[in-house]
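For reference, each letter of the sequence shown is one residue, going 1 to 219 in UniProt numbering.
It is worth saying that the hints were derived from the structure and are not from the lab.
All values reported here derive from a predicted model rather than from experimental measurement.
Do not rely on the hints blindly, as some may be mistaken.
To be verified - The list that follows gives simulated cross-link-like pairs (lysine-lysine, DSS-like), each with its CA atoms no further than 27 angstroms apart: (1) Lys124 <-> Lys91; (2) Lys91 <-> Lys68; (3) Lys100 <-> Lys163; (4) Lys163 <-> Lys18; (5) Lys206 <-> Lys141; (6) Lys151 <-> Lys43; (7) Lys151 <-> Lys120; (8) Lys175 <-> Lys151; (9) Lys198 <-> Lys80; (10) Lys163 <-> Lys175; (11) Lys141 <-> Lys198; (12) Lys18 <-> Lys68.
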Amino acid sequence: MQRILIVEDEEAIANLIKVNLTAEGYCCICAYDGEAGADYIEKETFDLILLDIMLPEINGYELLEYVKPLGTPVIFITAKGSVDERITGLKLGADDYIVKPFQVGELIARAEALLRRYGKINRKLTFADVEIDMVSRTVRKNGVTVDLTVKEFDLLVELVQNKNVALYRDRLYEKVWGEVFMGDTRTLDSHIQRLRRKLNWEKYIKTVFRVGYRLEEEQ
């Protein structure tokens, strides 16, 4: 699981980012001032840092100097949106720059693109007797390739990345299909049934009453 440090003094914004990235399967830690951010950077390892510029104690530009020797990718998140300020941030070594207010979806997309560029996205996932190759989008069960449709593959990845977590039908549908869930569960339910059958995973993919589904490890 990729670890992301969020250094942002506006706690509401930091926590909003954390909630949404955690829902995407990332492990997130928040620091609400530059000094706390520096402490985390010194003591722990992260795959990505989301960094505000205007911070108490130590500002984002100074914190970037802490990060440079580590080679950890950084996205500046700031209200300072002029072209000159963006150029300054990028010249100092930030990998990307997003201006407040922003859409959380855009931030997640940029974070994922940056993690891929640095080779920090998990290339393979495994669960029970199945191996998932995220690059070739292939699935093998006990070494034998299993043919899945695009949506079946995406649904499988979502379940595996959130194993032992009860996932709501609306969240699963919106994540995999990229559309607003309108209350009709037939499409999702039929894809779940096909996954169970193709992988012989009746004992792993559990139906959670009035919620959705959970991929459950055997005890």
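- If any of the earlier hints don't hold here, list their numbers in rising order. 1, 3, 6, 9
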